[in-house]
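Protein chains: 2
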Amino acid sequence: MANPSGILSPPRHDALSKAVGAERFAADLAPEGCLHAGAFRPGALLGIAHGRVRGVDAAAALAVPGVLRVLTAADVPGTNLQGIIHKDQPVLCGEVIRHAGDPVALVLATSAEALRAGLAALRADIEPLPGVFDPEAALKKDAPLVHQGRKGGNLLLGAVIEKGDARTALRSAPRVVRGEFSTPVQEHAFLETQCGVAQLLPDGTLDMTVSTQAPFRDRFEIGQALGLDPLRIRVRAPHLGGGFGGKDGATVQCLLGLAALNASGRPVRMAWDREESILAGYKRHAVRLRCALGADADGTLLAFTCRAFYDTGPYAHLGGEVMELGLEHAAGPYRIPHTRIEGRCVYTNNPIAGAFRGFGVAQVSPAFEGLLDELAEQLGLDPLELRRRNALTRGDVNCAGVRLDSSVHLVECLDTLAAHPLWLGREAWQAEAPACTRRGVGLAAVFNGMGYGRGLPDMAIAKVELTEAGDFLVYSGVADMGQGNSSAFALLAAQELNQPPGAVRLLQPDTALCHPSGSSSAGRTTYTFGNALLKACAAMRDKLLARAAMPLLRDTLEGLELVAGAVRHAATGKTLPLAVLARYLSRDDRICVADFLMPVAQDPPDTGRAFPIGFPHLFFAYAAHLARIEVDELTGRVRVCDYLAITDGGRVLDRSCFDQQAQGGVAQGIGFALIEDFQLRQGLIRSRDLSTYLIPTALDVPDTLSLAVEGDEDTGPRGLKGVGEVGLNGPAPAMAAALHRATGVRLRHLPFTPERVLAALKQRKTPSRRRA
Amino acid sequence: MANPSGILSPPRHDALSKAVGAERFAADLAPEGCLHAGAFRPGALLGIAHGRVRGVDAAAALAVPGVLRVLTAADVPGTNLQGIIHKDQPVLCGEVIRHAGDPVALVLATSAEALRAGLAALRADIEPLPGVFDPEAALKKDAPLVHQGRKGGNLLLGAVIEKGDARTALRSAPRVVRGEFSTPVQEHAFLETQCGVAQLLPDGTLDMTVSTQAPFRDRFEIGQALGLDPLRIRVRAPHLGGGFGGKDGATVQCLLGLAALNASGRPVRMAWDREESILAGYKRHAVRLRCALGADADGTLLAFTCRAFYDTGPYAHLGGEVMELGLEHAAGPYRIPHTRIEGRCVYTNNPIAGAFRGFGVAQVSPAFEGLLDELAEQLGLDPLELRRRNALTRGDVNCAGVRLDSSVHLVECLDTLAAHPLWLGREAWQAEAPACTRRGVGLAAVFNGMGYGRGLPDMAIAKVELTEAGDFLVYSGVADMGQGNSSAFALLAAQELNQPPGAVRLLQPDTALCHPSGSSSAGRTTYTFGNALLKACAAMRDKLLARAAMPLLRDTLEGLELVAGAVRHAATGKTLPLAVLARYLSRDDRICVADFLMPVAQDPPDTGRAFPIGFPHLFFAYAAHLARIEVDELTGRVRVCDYLAITDGGRVLDRSCFDQQAQGGVAQGIGFALIEDFQLRQGLIRSRDLSTYLIPTALDVPDTLSLAVEGDEDTGPRGLKGVGEVGLNGPAPAMAAALHRATGVRLRHLPFTPERVLAALKQRKTPSRRRA
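Heads up: the protein sequence lines correspond to chains A and B, in order.
Mapping of the first sequence onto the working numbering: residues 1 to 772, in sequence order.
Mapping of the second sequence onto the working numbering: residues 1 to 772, in sequence order.
Since the hints were derived computationally from the structure, they do not count as laboratory data.
Where hints are given, some of them may not hold.
[Stated by the list, open to error] DSS-like, lysine-lysine: derived pairs with alpha carbons at most 30 Å apart:
hint, chain 1, residue 1, chain 2, residue 2
1, A, K18, A, K535
2, A, K543, B, K535
3, B, K87, A, K574
Using the sequences plus the hints, can you model the full thing?
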């Protein structure tokens, strides 16, 4: 995508290797002589989302030439349970399948063809059980239980975040708007599906290369599930061909590990095809919300209540944590004295839900922003002005009760939007709609928390090495799933070390060489690892100046400086090449390791106690989005003509990466809002591949104009904040607002497919001509 | 020696291993199948201190069974020159021997016996050359040259340190005292003579274990002399059986390296016997000084001039640097507005001089303190009061022109001495002398610079490792020559890490594992390396608290603390054993490396320009010493009855090690003052072993009472300063003062042997009864 901001940036560190196809992703690996492993998922074949496993018949499969092993739950040596927070997801299901993608057997074969034939020859005897497919239904007293005998039944987690007395305040509020909203399952649809290779080495090390967002944590998941010492597991995470949250947690990991344990030392490859990826991968939680917003007649927000239901599917995975973010953001980036936000995260027999960019927040932004738009309409206020009047600023207490001692520049985002021609010219543009076309301009103000929040240390450990050759190697502890953190790290290191970009190389995470730095998620990697890296580089600079003192015969470090490839004494001009200096230092002295721990909210509010992990956050990215759309009156099809994303992500380090994050988030958000229609029936996926599950193409997405409001976040590396998620939260509410402007109808249930838009058009023939 | 201070200290870290004989010194090493190497030094055999090498006849030696090789200068592959600052000392002399200990051949044999026989069978044809044996004579125009064709002749270095206009001030001073003083060669006489083992490994590494004070620097000496890559040389320095400066520089190193290059991969051992150690080892520079001190009638010091001659022997070694310290200290620890101190360091054909505890300073303290005593006598002033009145305090500009922005507590030392019963009761004690015995009480105020001074970075690099077992390993970068720095390091680390002493182990320097931290010299190791170590340990503490955050589920480091063997969260009492934590950290993250650079004098005075390295110093240890002696009128023998050393070494870290340093320095100083009588005639050593070169025994040295004046040095680790050298500078002037009190005679030429004392007694039959 072009960069309409027109600001030049250096090329991304990974641009060339990816452009020429030289970068090696996990999917590219197929070691000589490797075995192929695949999971047998009979639910989808038998049309059963919940069922008792009565048996697996492997005889025909084992008779297939090249099929070496068929493993079942009985062959799993450990707990056979995976899960980041709660361990409730079997590696192989032995007794029950809880969704249509649950695996009951693992096949090892000498070729991909043999594997396919083996999988096709497998038979399973599954007795259907009654299932639950709606979270509210699943909470009913006599609902079938997804986990038999589980205390708490199908309720994974119920939680409340509360400030003041919202119910009372709402009762007495002069104006109240209410509504029910819903957002659907969303598929990550990364280019590179879940995949990896594994090998059990003679020394007992389980050596894996996986497309994963959390290589360090993976070791513990695998270790526990398979009964292995996690520290004997080595996980490498090369560049990912997309992640978006869908590779945060075990996908192929435990299955691959199990396969490697049964491969007599041979390497094993597992790569899900697109259908398996859609069937078995984690998805965005479908959410239903019922909200009410109360305000004064002048638009001052008074109270907000919300009840949200998150459908986590059959396994906990990150369900509680995704809902936490949702509840924390449900009242929007505004000052509201009274809030009460309740949520229930519920087990069903739908596909497994998990992390997805906009983690819980993309699901709530349409509701809050939708109500706010409605309120503006009722009050006869400019929707932008209404937002501006209530927008959080630094020092405010947000809706979750946290005082914002961090950078908050939402007002500046809104002001930038207010002054933009796309906004100023909206009425004229709308009025000029062609025949059979309606035009609408909508806006949204959104935000997204950064980092893990309280309860877990959001920490990174960076290492930088002066190589023997005299250049620098950065050991990344966090995977690059495509968001470009590698490029940011290389740039930060080069700047801090005052070296040309080519002097810094980057090693992608490898648990044997790099250091645990948490997952690539939560908009945290550039902030947390970047901070650690700056510390490591500063320590390296100080070290090298100190080490050069003796060869340069300096008795103080005064006047010594790092220059390209050398240490220089400014006054005398004497230089010592780093390649020479490096020879004199043993490796222990050529590395610098530094850590950084993200600050957390001090004196957190006494609410959200159901969230021991994740609540609350202290740092947020903010954004104001604007969409100009055209609606085809005949087909209901929505075309996004222009999109403007104005983002407060702190100081911008690399303008092109910054814009790419905003643009990528918007593209995915447009898909979420308009196009992606995940079809489920009784837990069975009907949109099983990319021919039926449509995602936006370049033709569906305009050249998104990305603007930055640069306010330093004091704690950030070079003042930046994580900016990877906020962009996804804006399109849905901006589309809803634009659609309302175009059609006069408020759409509250995503996606806004042509069918739904057409229905709305039919419902109200005359478009609203009030304020956009 | 008992600790009369009565203050209990924990046992030295190295006490047990040394007491039970378990500590392995370099001298203990004789690897299975090792060869034995020895140097052939024909000058001593032939009675030639300066001569031309006409040939070496190895035939008879090579015929000795077990003798494998006889190597000469022609076999040395590199420059064949060693020397720390100036490379002028051949490894093997090919053309000229410049002192009686110069080696001309190196013998390799399969046994010590074969080696001895081989050396005995060697013959050299040496043509005597005229020699120079007195530095002043050596400066005469027609003196024979030690280095033919050398620009500058026999003058290694001439230098002046000047402040104000001393000559003019002296001319107008109301009182002037003058005198010529001299101090002799002193032999280090360490228990463990120069020794080591070396082996050329198959990968090309020259692997050496040497009794050395400067393992990291040794690599460069060896590398240059032998034409090897210094970084392919590994030097290990186990605990030394004494060093005192005599192992600061190459002794066996290059010879051993040469032997190893010719040993077909077998290990080679070289260990000098006592006679070789005395013949070929470095000695304390003999010095002659002519000084004048001018004062007001009230004892205010006005001016000081001095001209010093340092006899460096045939090679530069550290001659210039030793003289630098001497000149810098020549005017004593006093405020004197006008000083002019000249020095000449001169080549002769005497034995090689080098570093020795009290490095140049022990040679000047008798002169200045002698003149001060004489001035007190002339003015009728109490010698202590005279010193107190002129003693430096913090903020003063010292005699070399340096403003003392460092801790200076000499006045407190003098006050402590003034209040001590040994001083208060001196008249009564002197009056009670037994028959045929004269008693005297003398005092001296001394000081000693710490560190390298300007021109070279005085830097150390410490590394601490959390071992896999969960305890700590400190990688020392500086050799422990017996002064106990290991013990100090272990204590500092244990304190900083809040661990029991047993949890800290220490690795002695090994260039492959530890990091260059300079030489073990200049009273610098505990200060410089200690500071680096504290930084490394503090970083380790911070690291471990941070690493424990995730397993202890803490989102801040608040309340986390290191306790014995664990990280603990104070509020919850939850602990994480270090042995568990260590498993989770890869080695790169289990180490902390930190450096420290000793501050230097800012805006150094514009003098001493002949000293690009070493001038001036900023930090000094100070001391006031008192000696009570008895002189046998019949034999001239001096018995030291009591000795009191009051030292300002900053804050005391380990009282027992502190006292041992004071006491050891005093013992060696008593030997220097009274006993050790290095006899030279035409460059030939007549005191060739310990039966003729006498050193003090326990019976010659009283239980020295060591008191500490504890004033924090702000820049020091835990406020300490180096205290290893100052103790040696006091006994000679204190003895001279006491002898004057006892005999009425001022002795100005060390050592004060019975012969000299007896002569003095004869010279003046009536002892002085004035003030002591």
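**Report entry** Earlier hints that do not hold, by number
**Finding:** No numbers; nothing is violated.
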